[in-house]
Amino acid sequence: KEEVSDNTYRVEKGFWNDILPKLGKYELHELGPNNWESFLKYLKSKNCSPRTMALYQSTYQQSLKYALYRDYLKSIHHFRKIKKSTIPRRKITPLSPKEIELLLKNSSDMHRAIFALSIGIGLRPSEVLRILWEDINFEKKEIFIKGQKTKYKTFKTALKGAARRAGLEISEDGKKRRIFPYLLRHSFATIAATSNPPVPLPVAQAIMRHSSSKMLLDTYTKAGNNIIRDGLDNFKI
4 KEEVSDNTYR VEKGFWNDIL PKLGKYELHE LGPNNWESFL KYLKSKNCSP RTMALYQSTY
64 QQSLKYALYR DYLKSIHHFR KIKKSTIPRR KITPLSPKEI ELLLKNSSDM HRAIFALSIG
124 IGLRPSEVLR ILWEDINFEK KEIFIKGQKT KYKTFKTALK GAARRAGLEI SEDGKKRRIF
184 PYLLRHSFAT IAATSNPPVP LPVAQAIMRH SSSKMLLDTY TKAGNNIIRD GLDNFKI
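Sequential numbering of the sequence shown, starting at 4, is according to our numbering.
Derived from the structure by calculation, the hints contain no laboratory data. Here the structure is a predicted model, which is why all the values come from computation and not from measurement. Warning: the hint list may mix true and false statements.
Below, computed lysine-lysine pairings styled on PhoX-like, alpha-carbon distance capped at 20 Å [unchecked claim]:
(1) Lys94 - Lys178
(2) Lys101 - Lys179
(3) Lys163 - Lys149
(4) Lys178 - Lys163
(5) Lys101 - Lys178
(6) Lys49 - Lys25
(7) Lys47 - Lys84
(8) Lys16 - Lys94
(9) Lys108 - Lys159
(10) Lys87 - Lys47
(11) Lys108 - Lys163
Simulated restraints, written as ranges between beta carbons of each label pair [to be verified]:
(12) Glu142 - Tyr72: 41 to 51 Å
(13) Gly164 - Gly27: 40 to 50 Å
(14) Leu71 - Asp112: 48 to 58 Å
(15) Ala116 - Glu142: 12 to 22 Å
(16) Pro203 - Thr11: 29 to 39 Å
(17) Tyr45 - Lys144: 56 to 66 Å
(18) Ser52 - Leu204: 18 to 28 Å
(19) Glu142 - Asn199: 24 to 34 Å
(20) Lys144 - Leu204: 14 to 24 Å
(21) Asn199 - Cys51: 17 to 27 Å
(22) Lys94 - Val14: 18 to 28 Å
(23) Lys25 - Lys86: 15 to 25 Å
(24) Leu26 - Asp112: 35 to 45 Å
Note that beta-carbon positions come from the ideal geometry of N, C-alpha and C, so glycine has one too.
Can you make the complete structure from the sequences, with help from the hints?
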């Protein structure tokens, strides 16, 4: 429980409340693919979606892997991929500097400060919401970042509202944009990577607190054609 968020704990507890009555009577070494297939049929009878069934399977599979790690099991059985369980996500279209300016203009004073800080140094939503005045050293221009989990439902609601008022729900290429809290972090990384000259990758990695440059490069620097086409001045907001 200490290693996951309250919501993750609640969801997985619900999964086990369904799994244990059906499979809890078996010893670990007795569990095989037929047992799990029987449980999947039970879920299907409850009209569970393929996505939900895949989440049940992932939770169950991870528990068996942990049992294997602790030497409670010598091996675990194979799992088939559940059809139609993958939901394709819309492409992430980062905000351009002009769009960032519009977003901030259409935000309240409090949310303007939060969004600007998120974009300015690529903070995660949970990180920016935990910052206190005493965490900021104005003389050294440093901020102490806390890494613990924090709920940010109000952050998401405020961001969507500001984006709607700024007309940013449709991107510059005319497509519907996915508005979500991590969009600001994506925008920081993309602008940093496509600035002229770009922010050095090790610097961006240190600022965003990524464990590897590859993760940053693969995940956050897929710049949209609109940014590459026009080019950017040095990273400024």
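Run through the hints listed earlier and report the numbers of any the structure violates, in increasing order.
3, 8, 18, 21, 24
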